[in-house]
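Whenever a hint applies, use it, and build me the whole structure from the sequences.
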Amino acid sequence: MAARALFRLDDVTTTRGHGDDHVHPLSGVTAVVPEGGITVVVGPSGSGKTTLLRLLNRMEEPTGGTVLLDEQPLRSLDVLELRRRVGLLLQVPTPFPGSVLDNLRVGRPGVTEAEAGELLGRVGLPDGFAARDALSLSGGEAQRVCLARALAVGPRVLLLDEPTSALDPDATRAVEGAVRRLVADGLTAVWVCHDQLQARRLADHVIVVHSGEVADQGPADRVFSAPAGERARAFIASAT
Amino acid sequence: MTVLAQAARDVPLPPWWGVGLSLLLVAAAAVVIVRERLGLGRDLVVAVVRAAVQLIAVGALLRVLFERAGLPGSLGWVAGMVLLGGRTAGGRARGLPHAVRTATVALLCAVTATLGLLVGSGVIEDRPQVVVPVGGMIVSASMQGVQIVLTRLRDEVQSARALVEARLALGLPGHRSFAPHVRLALRSALAPAIDQTKIVGLIALPGAMTGLIIAGVPPLDAIRYQIVVMYMWLGAASISGLVAARLTTRELFDEAHRLRPLRSS
Numbered sequence: 001m002a003a004r005a006l007f008r009l010d011d012v013t014t015t016r017g018h019g020d021d022h023v024h025p026l027s028g029v030t031a032v033v034p035e036g037g038i039t040v041v042v043g044p045s046g047s048g049k050t051t052l053l054r055l056l057n058r059m060e061e062p063t064g065g066t067v068l069l070d071e072q073p074l075r076s077l078d079v080l081e082l083r084r085r086v087g088l089l090l091q092v093p094t095p096f097p098g099s100v101l102d103n104l105r106v107g108r109p110g111v112t113e114a115e116a117g118e119l120l121g122r123v124g125l126p127d128g129f130a131a132r133d134a135l136s137l138s139g140g141e142a143q144r145v146c147l148a149r150a151l152a153v154g155p156r157v158l159l160l161d162e163p164t165s166a167l168d169p170d171a172t173r174a175v176e177g178a179v180r181r182l183v184a185d186g187l188t189a190v191w192v193c194h195d196q197l198q199a200r201r202l203a204d205h206v207i208v209v210h211s212g213e214v215a216d217q218g219p220a221d222r223v224f225s226a227p228a229g230e231r232a233r234a235f236i237a238s239a240t
Numbered sequence: 001m002t003v004l005a006q007a008a009r010d011v012p013l014p015p016w017w018g019v020g021l022s023l024l025l026v027a028a029a030a031v032v033i034v035r036e037r038l039g040l041g042r043d044l045v046v047a048v049v050r051a052a053v054q055l056i057a058v059g060a061l062l063r064v065l066f067e068r069a070g071l072p073g074s075l076g077w078v079a080g081m082v083l084l085g086g087r088t089a090g091g092r093a094r095g096l097p098h099a100v101r102t103a104t105v106a107l108l109c110a111v112t113a114t115l116g117l118l119v120g121s122g123v124i125e126d127r128p129q130v131v132v133p134v135g136g137m138i139v140s141a142s143m144q145g146v147q148i149v150l151t152r153l154r155d156e157v158q159s160a161r162a163l164v165e166a167r168l169a170l171g172l173p174g175h176r177s178f179a180p181h182v183r184l185a186l187r188s189a190l191a192p193a194i195d196q197t198k199i200v201g202l203i204a205l206p207g208a209m210t211g212l213i214i215a216g217v218p219p220l221d222a223i224r225y226q227i228v229v230m231y232m233w234l235g236a237a238s239i240s241g242l243v244a245a246r247l248t249t250r251e252l253f254d255e256a257h258r259l260r261p262l263r264s265s
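Protein chains in written order, with the working numbering: chain U, 1 to 240; chain S, 1 to 265.
Quick caveat, the hints were computed from the structure, so don't treat them as lab data.
Warning: the hint list may mix true and false statements.
[Unchecked claim] Partner residues are not named here, just some residues of chain U that face chain S (Cβ under 8 Å, in silico):
id, residue
1, Arg58
2, Leu90
3, Phe96
4, Leu182
[Unchecked claim] Covered stretches of chain S, as calculated for chain U (at least 3 residues, CB under 8 Å):
id, region
5, 164–172
6, 251–263
We put the beta carbon where it would ideally sit given N, CA and C, even for glycine.
Here is the structure:
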């Protein structure tokens, strides 16, 4: 995997709430997402994985520290352009009312039927799928339509927030396969996941988040075979 | 409005003892409440007393207003209705940022545009006896619309946050990400006004027309006023709804096009 850092989080803290009620979902996080491959963010529920992911397209804003893309602070970039370069797939499929083609045109109104066929093909959906009603699709189909919809605006990075947690095993395999193909074509994926078996299947690089802090990070082989630090060891051991 | 002025001298009003006699109808409501054990006895008494006291007070105030305050006083009265209406409509949408302020501005826009057009073009007179009740109708119609828009938008933020964020994640700005939900809210707000306009006069005689007919105005003259009122209602509900939706959308998104969390109420 290329060692170049695509994203860099430098001593990042996030805050939720105000006054005495505030909490820090992330505290002093320093992490790197390398360019290329699949970086999996793992950790127990409520550890701050999703917050970390949403920092990467400014759906969340740090209250301390800096997030950089290509060594440029995210705040210095146009946020709408950033989101077109850094796509996001949510945990639950979010098809919009209308046809699949209508969905693909939300982010890029000029998508032709031929381009729609090509986009759907990249996520493993058959020709002619563009005419289907988006609200009548199965969970797995809908999630792949959402993936194709994200691809339509031409991202170089895909953020995936537990995108298969609501899907059955067949649909999960289909989504995983689609993302693998996209990564093989040059996209970078950052995949939040709490299922360690899935993490082991997918990861090239791993960031272990625990209690709002990074417990370990590095190449997947090393992190899963020899996790560094007590909390990372305990978390990895919990799945074996 | 010479026909109106002439008719007003001869209005067949119920005498005060007749007003007292109408309390018998309240007794009917009291019987139902007691027999069916609805637990609404206290509310009924409060409502009956409040209605009488409020209307007597409003009648006395309007008398002073009509005789002495002129157009500036009438506009002040309408402004008071706007403030009260904004508080009521905005108060229903707890959780939305600055809902009361948004509702008040929306009502003010609707009143200014609608009343301004009607008075400015000479469709209605600028006498207090006309400006105050017409202003009240505009505030009332707008208030219902604004209330529906605000509560619907709040519900959309709660139930459809993922859909809005999915659009934001595609690089759409906040207002475009929220546009389908704004359309739903505006449809909900305008549908009652449109339905009411469709069936006006068929199910019940509307208020302005009823008042004029009681005052002795021929029905074919009274309907002219009612037609203006219905069209005014549509205009006021549309303007206030749109302004409320636009202002709310601006409040819901921050400068980085993120959907703000609703305040817990």
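Status of each hint after checking the structure:
1. Arg58: holds, 5 Å
2. Leu90: At about 6 Å, which falls below the 8 Å cut-off, the nearest Cβ of chain S leaves the hint on U/Leu90 intact, so it holds.
3. Phe96: Since the shortest Cβ distance to chain S is 7 Å, the answer is holds.
4. Leu182: Since chain S brings no Cβ nearer than about 16 Å to U/Leu182, farther than 8 Å, the hint is violated.
5. 164–172: holds (count 8)
6. 251–263: Holds, because 3 residues of the region 251–263 of chain S bring their Cβ atoms closer than 8 Å to Cβ atoms of chain U.
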